[in-house]
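There are 2 protein chains.
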Amino acid sequence: MEQNNKKSAILISVGDELLIGQTINSNAAWLGEKLLAFGIEVVEMITVGDNKSHMLRVLHESHQRAELVIVTGGLGPTRDDLTALVLGEYFQKNMVFNEEVFSWIKAFKMAQKKPVNELHRKQAYLPEDFIYFRNLAGTAPAMVYRDNGTIFVSLPGVPYEMKSLMNEYVFPWINKKISRKIFLTKTLHTAAVPESEIASILSDFEDNLADGLSLAYLPSLARVKIRINSRAVTEEEAKAALTKAESKIRELLGDMIYGENEDSLEGVVGRLLMEKKQFLGTAESCTGGYIAQMITSVPGASQYFNGSVVAYSNEVKMDLLGVKKTTLINHGAVSEETVVEMVKGICRRLKVENAIAVSGIAGPQGGSPEKPIGMVCLAVGNVENQVVDTVYLNHNRKLNIEKSAFLALNMLRLFLQRP
Amino acid sequence: MEQNNKKSAILISVGDELLIGQTINSNAAWLGEKLLAFGIEVVEMITVGDNKSHMLRVLHESHQRAELVIVTGGLGPTRDDLTALVLGEYFQKNMVFNEEVFSWIKAFKMAQKKPVNELHRKQAYLPEDFIYFRNLAGTAPAMVYRDNGTIFVSLPGVPYEMKSLMNEYVFPWINKKISRKIFLTKTLHTAAVPESEIASILSDFEDNLADGLSLAYLPSLARVKIRINSRAVTEEEAKAALTKAESKIRELLGDMIYGENEDSLEGVVGRLLMEKKQFLGTAESCTGGYIAQMITSVPGASQYFNGSVVAYSNEVKMDLLGVKKTTLINHGAVSEETVVEMVKGICRRLKVENAIAVSGIAGPQGGSPEKPIGMVCLAVGNVENQVVDTVYLNHNRKLNIEKSAFLALNMLRLFLQRP
Chain A
-10 MEQNNKKSAI LISVGDELLI GQTINSNAAW LGEKLLAFGI EVVEMITVGD
40 NKSHMLRVLH ESHQRAELVI VTGGLGPTRD DLTALVLGEY FQKNMVFNEE
90 VFSWIKAFKM AQKKPVNELH RKQAYLPEDF IYFRNLAGTA PAMVYRDNGT
140 IFVSLPGVPY EMKSLMNEYV FPWINKKISR KIFLTKTLHT AAVPESEIAS
190 ILSDFEDNLA DGLSLAYLPS LARVKIRINS RAVTEEEAKA ALTKAESKIR
240 ELLGDMIYGE NEDSLEGVVG RLLMEKKQFL GTAESCTGGY IAQMITSVPG
290 ASQYFNGSVV AYSNEVKMDL LGVKKTTLIN HGAVSEETVV EMVKGICRRL
340 KVENAIAVSG IAGPQGGSPE KPIGMVCLAV GNVENQVVDT VYLNHNRKLN
390 IEKSAFLALN MLRLFLQRP
Chain B
-10 MEQNNKKSAI LISVGDELLI GQTINSNAAW LGEKLLAFGI EVVEMITVGD
40 NKSHMLRVLH ESHQRAELVI VTGGLGPTRD DLTALVLGEY FQKNMVFNEE
90 VFSWIKAFKM AQKKPVNELH RKQAYLPEDF IYFRNLAGTA PAMVYRDNGT
140 IFVSLPGVPY EMKSLMNEYV FPWINKKISR KIFLTKTLHT AAVPESEIAS
190 ILSDFEDNLA DGLSLAYLPS LARVKIRINS RAVTEEEAKA ALTKAESKIR
240 ELLGDMIYGE NEDSLEGVVG RLLMEKKQFL GTAESCTGGY IAQMITSVPG
290 ASQYFNGSVV AYSNEVKMDL LGVKKTTLIN HGAVSEETVV EMVKGICRRL
340 KVENAIAVSG IAGPQGGSPE KPIGMVCLAV GNVENQVVDT VYLNHNRKLN
390 IEKSAFLALN MLRLFLQRP
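Here the protein sequences line up with chains A and B, keeping their order.
For the first sequence, the working numbering assigns the number -10 to the initial residue and increments by one for each residue that follows.
For the second sequence, the working numbering assigns the number -10 to the initial residue and increments by one for each residue that follows.
Worth flagging that the hints you see were computed from the coordinates, not collected in a lab.
One or more of the hints may lead you astray.
[To be verified] In silico lysine to any residue, SDA-like type, Cα no more than 25 Å apart, as pairs:
hint: 1; chain 1: A; residue 1: K387; chain 2: B; residue 2: Q11
hint: 2; chain 1: B; residue 1: K152; chain 2: B; residue 2: G77
hint: 3; chain 1: B; residue 1: K313; chain 2: A; residue 2: D308
hint: 4; chain 1: A; residue 1: K152; chain 2: B; residue 2: N383
Make the full structure from the sequences, and use the hints.
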């Protein structure tokens, strides 16, 4: 074993686009969260430009202080991409043509039926003695190297490439090579209840939490993630405390909770439909297909999802969904009456047992005193029974759409969970 | 004038919530962009936790290298907020009660009809000799201090408080006190061409770039942003060089470029439809509504978008889109023949002049040797003319969907731009 009194991890993000604010550094946040859940604390995050001397300096500084250094970015095929070169120079390694990496690049381009060019060949010139991991979503491989008690990891900056390489190869590889703390977490997801209300329901419970346990609330659009953190000397102790806390929270919050850890609301709705062996269709106005694409983002959605009609105009609402002209005239396209007819219409048209319908004013134009921007009518159900609701949202267009879609899906979840 | 051979700016973000990934650091990106537009280059961004020794170390390092150091965060009233204390210690200043700052805090709380408490009083204990600026959106003031050729700025971490203090006070204050460079950028967006191909087309041009000009490539799913950077002594020179480079790149890349700066592909397609006073509909299988929601994410999309049919089952493809049963039997749902019929069917059904149709295998299941996962058929056009293509993608389900949607929209753009 190498002697090691260094602590924790430092993240280095490379790229001029980060320094000039063209790209927001979401990689660092993702890595911070995942590493913590893995038991490794990030103590510093550094962003530098595509600049050799700056990169060499921060590598040197991080080498002194961290047990794990993760460098993201700078691995592309163009001349502003310097990471491989700089790592080679820093560790005094020759840059050699790596046949295996080049075969991965060729296979990747071939699967896309695209040619391999000189720049791809350049991407295969890499520092000797490093370990390489195959990138299935792009051409730049991940690389790892150990020196003087520090593990260096280099990853492409494209978020989905970086994430998949971390999950597939890097976490398993560093698993036994680095000191980790016993730190378990579990996340419960709630929908449609504000953070303040959840915190107040859990207030007494939180005041009396056992040592080593803590709660964190992570609110986002119409949902709150509750992360339970459990630290202990042994894994068994940490697990027992976590399980006990979880069951108490579930008892207190009931069906406000729709899932845990990696669950998504659309995945949970899919499971409920499969259990019932029933199908779903959506009839969408202001959400413009957003609900359909959420549902179909789940693998295997064709087992319970038949399709959708996005009815952006009144003609389509009448022609394809059978909404009555009198309903549109008397109540308007944004009304509970209209969305109820949309539910019935889509159930008949697609021959499905369950439907979601949404009509609203997403903004930034189109509001009136009686029907302001952000007013959205939501309905779920079938030809016989519907549940309907009207909400008033006050975000921008994009977030009003996302929130409407999420709330509608949550109404369907509760409808499907009814005894 | 103090002697000054330091360069540019360093940003320090303070807060455990950044290191554990609970908050994405959008402040740094905002500051990077605004400072660059102001003529000050950010050369490094550092994030540290609420930890005194780490903060002192990065202050010291930044002091050596930067002309401007901006610290955000750590100014709240709770015990984990250390920035004022640490700055005081670093510059060896006494912490004194600041009557003026306390009067601002009192006025702010009074406007909210909220009481002032002990913690607010603590927020008014601040380092001597600093200059303070009033925060109209919160209780923590901004502070600035000059030492040995470096300007230090401390700002609250709440984004809207930070931004308003920067705009109102800090930019005007540093205006004459710091060396500014002329640095202009422009970003061009290309679609459906790999980074390596673009780089190879621009290779000769890039080899002969004039002094002060540089290019950066920012690839993401099926697109590449090309950022042109132009540095010069005067704004006129920088602008002239930028304009010349842009027109040369546009000449070399032609219609690979779909937009610039803040343009989105869905926005560009919307503008083309409005110019033609025509409507669009989509018929989507594997993209599941993703294209429709992209199009309707643009404000005012109802002026050119009528709706969509998401046909996830063969029945819906036949019933609502008029795809022939024989076509599905002979060629399959994922075939160029099917998507061409989907284009014609949706044009007729929604009475629109333009359509996009997509059918493919997004994965992770459903592939076969002849039709592998990632095979996607795309068609655009109208009842008379269609353009059709088949692509082979090799990402995960989510990205295969997003890339298919983007490529289909880009095909429509090229179709609409045909002379």
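**Request:** Go through the numbered hints given earlier and state which of them the structure violates, listing their numbers in rising order.
**Result:** No hint contradicted; all consistent.
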